[in-house]
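S.K.: First to last, the protein sequences are chains A and B. Just remember that this note's numbering sits 568 ahead of the position in the first sequence, which is counted from 1. Just remember that this note's numbering sits 14 ahead of the position in the second sequence, which is counted from 1.
In short, the hints are calculated from the structure, not lab data. All clues stand as given, with none of them false.
Here are the computed lysine-lysine pairs in the BS3-like style, where the Cα-Cα straight-line distance is at most 30 Å: (1) B:K598 - B:K609; (2) A:K595 - A:K847; (3) A:K619 - B:K554; (4) A:K619 - B:K560; (5) A:K847 - B:K597; (6) A:K619 - A:K595; (7) B:K386 - B:K554; (8) B:K386 - A:K619; (9) B:K386 - B:K560; (10) A:K847 - B:K598.
Computed from a prediction, not measured in an experiment: that's the story for all the values here.
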Amino acid sequence: MLINALIHTLVVLLLSPLLIGIIIRVKSRFAGRRGAPLVQPWRDIWRLLRKDLVISHTTSWVFFVGPVLGVVVPVLAFLFVPLGAFPAAISFEGDFILWLYLFALARFATAAAALDTGSSFEGMGAAREVTYASLAEPVLFFCLLVIARLSGSLSFNGMFGADIAAMWPTAGVSLLLVALCWMLVLLLENARIPFDDPTTHLELTMIHEVMVLDHSGPLLGLVHWGAAMKLMVSGALLVRVILPFSTGHPGFDIALFALGMILLAALIGVVESVMARFKLPRIPQIMVGAILFAFFAWILVLR
Amino acid sequence: MYWILSALLAFAVSGILGFTPGLRQRLGTALHLLCHVAAAAFGLYGLYRFAFSPLPDLILFNLPLPLGELTFRLDAISAIFLAPVFLVAPLGALYGLGYNQQHTTLHRPRKFRFWYGLMCAGTVGVLTADNAILFLLLWEIMAVSGYFVVAAEDHTPEAKSAGFVYFTATRIGTLALIAAFALLYPLLDLFRFPAAGALPAHPPLVFFLFLLGFGLKAGFMPLHVWLPGAHSAAPSHGSAFLSGIIIKLGIYGIVRVTSFCAAPPLYWGWTLLGLGAISGILGVAFALAQHDIKRLLAYHSVENIGIIAMGLGLALLGRSTDNPALIALGLGGALLHVVNHGLFKSLLFFSAGAVIRTTGTRDIDAFGGLLKRLPWTAALFLVGAVAISALPPFNGFVSEWLIFIGALQTLQSSLSDTAAALMVLPVLGLIGGLALACFVKIFGITFLGTPRTPAAQDATEATWGMRAAMLPLALACLVIGVLPTLTLPTLQMAAHHWTGIISTYPTPLPTAIAGLGWVSRIALVLIAATLLLTLGLRFKARRAPKTDTWGCGYNQPTARMQYTASSFADGLIGWFRFSLQTKKSGAQLSELFPKPGQFYSHTPDGVLERLVLPLFQHIENTFVWLRRRVQNGIISFYLLSVTLTLVALLIYIF
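Same shape as in the complex, but just chain A (with noise of 0.2 Å):
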């Protein structure tokens, strides 16, 4: 078990940033660009966290708490998740209620860090990221209901393991569903297009980049590494969904999910190339939509 917990720690710490350079470099070919070095990404949070900061008057402790709690929460999360057919590190009846509860706690401490500065661009960030991030929460439930139903089981080791496979030919729409809804939760919460722009210039339409605003050096190179870190675990288990075949070889298995978070990150650069970012009293409306997509997914599975 400490072998495996050690594989996914350094998985999550080492690989994660690899995700963004993907869809950087996705972005850039469909600009007609030759883009930046996959490396970048790496680059860019090791200079971060050389670097020294300047904080404001304002601050506190809790401005730091933050982005630490951004870097804790996805290291323990990872944990929880099955790489692949290759099982979880830790793995009990209801670890995904864990799992969720960690990720708000997260979010709690970056919210609170906003606000921390004193600034209404911030506070504004804060309450959006906290607003449509309860409109999530049900989304997740739903489609972690569907998938212990099918399964059997309430940890994501038997949620997400050798089974899901012959899930699909009986129940594929609801687990259609499910990945579709996955999908706009997991573009909402990563702060993508088309919920959100990291790369606006104008910060009064941002959710995530608006509340790290303030944050500099060390502090924002653990808020990139963070989010890189948070799209790898919430992304590791639609592609398991996805891609639910097992070789049998734990080799081959991390190479099929390796492969398969390679495709999701460049999915997540071809989404951003194509589509504009949605107003933002659309999102509302879309997480609903996405309640009731996964809800519908559930009633399926009740017959």
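Fit chain B to the known structure of chain A by using the hints.
M.R.: Only chain B this time, still in chain A's reference frame:
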């Protein structure tokens, strides 16, 4: 058991000593505190002894009372409800020492201490009474002294009207309870509470009367009307006890009277699940719309009562469908949440009181930047806020996790069976998300940023006594969050005492033990990693240059430009427009160079102002009309009424 009764007596006399003529104020306060500490020591020792003898502890005073014997009983259910009482009551008394200063001078402190002590004594009595008459008697003592605690500042119109609403609500509740117990009388042995599972299911009328009587005290959503006003009008330690302990007595009542029945019908569980979901979602929605810090916390009590009701509903469903795991987890989650809410809600009211004491206002939008001025209070409030949002590593997560796992026990059942109980998961998820938003708002707007008013600018830290009252509560929240498995044996025992069946249920639940073991390990790693990294970064930042917050190009931001409580919650309360009816005025800019304007928003309690008050107005009008008709001053009409009544009675008899 004798220890618990000594605690009851110590609570009861705690305020009386202060009335001794010629006694100085400070000595009276000291005696009050001493009695409370003694009561807590007796009570906690009694509970400690009880923890090692798992059978219900019965005590019988052979007094010639007209309606049965004077009996008290201590079982695991009572013990779980009693534990927070013995913690919150003395800490409230300690807190009261420091509260009595600055902007919040308690109106008549002697009177307040008397009723506070009596309320605590009544609470202990209600939780141990084993006889319906005794129960109702002590219930009344608790409820009436509760009125004087609510209306402690009765020179203000606000407290006066809040006290009136409380009093009306509690009278109606008691009437319903008296009716319910009277209807139950033929089945009881001289009003003695029957053993668990000894009765057939109550008829629907009795069940709904109990639900009305206890629900009014607990504050389920349509019955919560007294709660926000009473909690905001009472002094902060009074609010802490009301919210942390008193409203749980309603839950205790429901737990107790449902335990009498061997096989509760399915609709009991569904009713409680439905009420819980409504209370949970609308409670937090109303809380989001508030910017009075104590009203906001009061609405969160409604939300948490909803969560407890959902756990209890699951346990009742488990009894109806004979599902031991569902019973143990649902009831365990509900009871642990009772304790947890008692701890973190008292903590939140205490720390909110420390803020109110120094700023003299309850308006969140008048605060800001208090973390630098009240570092202790802010950190303790943050503990309470994270705990009540049900986030690890604190205790709120543990009880909600038990309820989640309980609901998941119905995973494989069909829709015609109990599968609908799985809706608890998304509902609790939504409540959790909204509660998190609300506590980010209240913590952020109150303690972070820069002060919005001169009062907040000059705020000072709470006294040592107040801090000493808050610290144990925060520690208790952390201990239950980090070592949750310690609570499982008692919760399991409570499930036994509730169902009355000991042998057939597995002790203790293996799944919950394994899961909670991991929860505690993850919590420890989380705390250690966060502390280490934060301290490391703070060390690196010790010489960092400090500038103003980045104003996105604007150089002269003022404190008033910060996000306010109203603006923070605006998006969320927009979704609940149908129930909240927020009133807004001002902020309409018309001309090219607009003049200074004002914006004002207020969210009244819809149920109280749109339903209860008009209803009572109609009832009053009807009775006025009736009296005018009946009391018309014509003697022959009176004689006719008497004759008609006699005839009606004669017909009834034959």
